[in-house]
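**Q** The lines below spell out each chain.
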Amino acid sequence: MEGVVAGLIVITIKILVILAIALGVGAFLTWVERKVAAHIQRRPGPMVVGWHGLLQPIADGLKLITKEDLFPGRGNRFLYNLAIVLALVPATLVFALIPFGPEFEVLGITVKPILTDVNVAILLVFGLGSLAVYAIALAGWASNSKYPLIGSMRKAGIIISYEVAITFAVMGPLILGGTLSTYQLVQNQIEQNLWYVWVQPIAFVVYMFSLLAETGRVPFDIQEAEAELVTGFTVEYGGMKFGIFPLVEWYIEVLTLSAIAVVLFFGGWSPINIPFVGFVDPLFFLGPLSPYVWFLLKVTFLFLFILWLHWTLPRYRIDQITEIAWKVMLPLALINIVLTAIIAPLIWR
Amino acid sequence: MVKRMFTKPLSWIERALFIDFIKGLSVTIRHAFSKTITTHYPYEKLTPPKRFRGFFGHKVVDGNEPQPAYDEWVERFKIEVIPGRSRCVVCMLCKRACPVPQLFEIEGEKLENGNRVVKVFNMNLMLCTFCGFCVDACPVDCLFQSDIHETASYTRRDSILDLELLERIGKDWQMRRENEPDRIWIDDSQRDRLWKENDLNLPEPATKGRHEW
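Protein sequence lines, in the order shown, are assigned to chains B and P.
Mapping of the first sequence onto our numbering: residues 1 to 349, in sequence order.
Mapping of the second sequence onto our numbering: residues 350 to 562, in sequence order.
These are calculated hints, taken from the structure and not from any lab test.
Do not take every clue at face value.
To be verified - Derived coverage of chain B by chain P (criterion: at least 3 residues anywhere in the stretch with Cβ under 8 Å from a Cβ of chain P; other residues may be distant):
{"no.": "1", "segment": "42-54"}
{"no.": "2", "segment": "326-335"}
Claimed, not checked - Straight-line distance between alpha carbons at most 25 Å, and here's what the computed SDA-like set of lysine to any residue pairs gives:
{"no.": "3", "chain 1": "P", "residue 1": "Lys384", "chain 2": "B", "residue 2": "Gln184"}
{"no.": "4", "chain 1": "P", "residue 1": "Lys372", "chain 2": "B", "residue 2": "Met208"}
{"no.": "5", "chain 1": "P", "residue 1": "Lys384", "chain 2": "B", "residue 2": "His52"}
{"no.": "6", "chain 1": "P", "residue 1": "Lys357", "chain 2": "B", "residue 2": "Pro219"}
{"no.": "7", "chain 1": "P", "residue 1": "Lys372", "chain 2": "B", "residue 2": "Leu107"}
{"no.": "8", "chain 1": "P", "residue 1": "Lys372", "chain 2": "B", "residue 2": "Ile40"}
{"no.": "9", "chain 1": "B", "residue 1": "Lys14", "chain 2": "B", "residue 2": "Ile109"}
{"no.": "10", "chain 1": "P", "residue 1": "Lys357", "chain 2": "B", "residue 2": "Ala37"}
{"no.": "11", "chain 1": "B", "residue 1": "Lys14", "chain 2": "B", "residue 2": "Thr300"}
{"no.": "12", "chain 1": "P", "residue 1": "Lys372", "chain 2": "B", "residue 2": "Asp69"}
{"no.": "13", "chain 1": "P", "residue 1": "Lys394", "chain 2": "B", "residue 2": "Pro219"}
{"no.": "14", "chain 1": "P", "residue 1": "Lys468", "chain 2": "P", "residue 2": "Gly412"}
{"no.": "15", "chain 1": "P", "residue 1": "Lys427", "chain 2": "P", "residue 2": "Val449"}
{"no.": "16", "chain 1": "B", "residue 1": "Lys14", "chain 2": "B", "residue 2": "Met208"}
{"no.": "17", "chain 1": "P", "residue 1": "Lys394", "chain 2": "B", "residue 2": "Val49"}
Only a predicted model underlies this, so the values are computations on that prediction, with no experimental measurement involved.
By construction, the Cβ of each residue, glycine as well, lies at the ideal position given by its N, Cα and C atoms.
Required output: the full structure, derived from the provided sequences and hints.
**A** Following this line, the structure appears as structure tokens:
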């Protein structure tokens with residue numbers, strides 16, 4: 001009985017922490033993105049609200065919440081509101097499967113810093129990732145307007161193409177790790193003394209392309225191409241309902257997929273890995289905190305890299321995007337699986 | 350001399366290694382860590398050039414009038430010259446030159462001594478395109494465009510410039526910028542310095558051998 005109560009308390013605390021991270025950091029990342037974009041264009045970005053515009057997300061949120069709630073004339077109100085929920089929930093749920101660090105003991109209870117260590121975590125991640133397309137398709141359909149519909153159809157095309165590529169791409173690390181659990185994948189990388197990115201560069205490239213495509217980042221932001229479709233499927237949304245979509249697509253999904261990339265390719269919370277040498281930890285002085293800092297650092301670097309790409313590259317056309325997916329990325333991923341199957345026994349030893 | 354038409358397309362190995370991506374990313378990262386060039390507008394403001402086409406104004410009589418044009422026009426229209434007031438001679442040439450003439454509302458007044466003076470001079474800037482034809486048309490260098498560019502107002506009434514306001518803008522501008530050198534000529538040393546500051550290498554004007562052509 002006591003074990004059940006303790007478990008419930010631990011799980012509640014975990015949920016609260018993860019929700020705070022997902023929504024708080026997600027909102028704060030709008031500021032990070034605006035700053036990075038501004039400096040790439042040699043502007044200072046938001047500077048007025050707070051120190052260097054640090055309170056800008058709060059000001060934006062207040063503005064969005066107090067705005068009028070508009071609804072298109074012949075839209076479907078139920079689906080219109082359902083789309084927002086469908087966008088937010090699956091994207092946030094993925095955080096439940098991300099291991100933030102190794103397990104530790106508090107007051108005699110062993111705690112794993114992961115909400116649910118399911119043994120099919122990776123499958124669940126991509127299942128939830130595919131659910132995002134329903135939100136966008138419903139948003140486009142329920143708005144009863146041309147631009148949203150075109151935008152959501154484009155997004156559906158992209159997701160169908162890249163879901164296939166990304167699933168085959170992660171097969172490589174899964175073969176090497178021999179498990180689907182995110183926690184166990186990191187443990188295996190530490191035991192094998194190897195980040196999988198060193199033996200899976202092709203898979204990593206395919207994964208990055210698919211990440212950009214699934215989160216609607218440049219060069220694959222065709223579903224909201226400002227110059228052609230205004231803002232795509234969010235045209236008919238106003239106020240905070242509009243704010244949720246970019247928040248989910250651009251920040252929460254990028255964060256979760258970056259975290260999964262770190263788990264699959266960069267050894268989760270492990271320090272820097274040099275092939276044939278092992279792990280080198282320049283942050284050893286942090287003691288037991290060092291794994292968490294390493295995990296955060298890796299995710300931050302990956303996120304900043306994606307921002308950097310976003311504000312550098314131009315946009316592909318829809319046919320070019322699907323062409324890359326089916327003609328380049330999918331064959332590459334398949335070749336990678338064959339190669340991995342050949343080298344896997346060497347890694348296992 | 351070989352003229353470069355366009356760059357060679359990348360080979361497949363360059364494309365596979367994302368050379369084009371890397372080139373673009375290196376450009377943006379260099380810009381990201383260089384100094385920003387923004388003027389923080391409400392806190393800092395740039396000074397526009399002297400010939401900026403901003404709000405209109407009336408230069409006032411202060412002894413710098415273009416001669417002999419000013420005396421001729423004063424004589425022709427029997428204008429009462431009051432120092433410190435508008436140079437306007439009510440010739441209506443600005444209204445004639447204007448593409449939207451109804452934005453001007455000009456009236457003169459006959460004084461007791463038989464001379465005339467401008468009484469009403471309203472410009473409705475809601476209709477104005479700031480083309481400057483009226484400034485070109487003014488024969489006595491009275492109407493001009495100042496460097497005031499913050500033209501927004503809270504009411505429609507505020508977008509109408511009347512004689513008093515025009516004179517005030519004119520006086521203010523004459524005090525601040527009348528004596529500043531114009532930077533319109535290419536051989537102006539001031540202008541030359543401005544080009545140099547922006548790292549522009551303009552060719553020297555080909556004045557030397559012109560008579561030999």
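**Q** Out of the numbered hints, which ones does the structure contradict?
**A** The structure conflicts with hints 2, 3, 7, 10, 12, 13, 15, 16, although it agrees with all the remaining ones.
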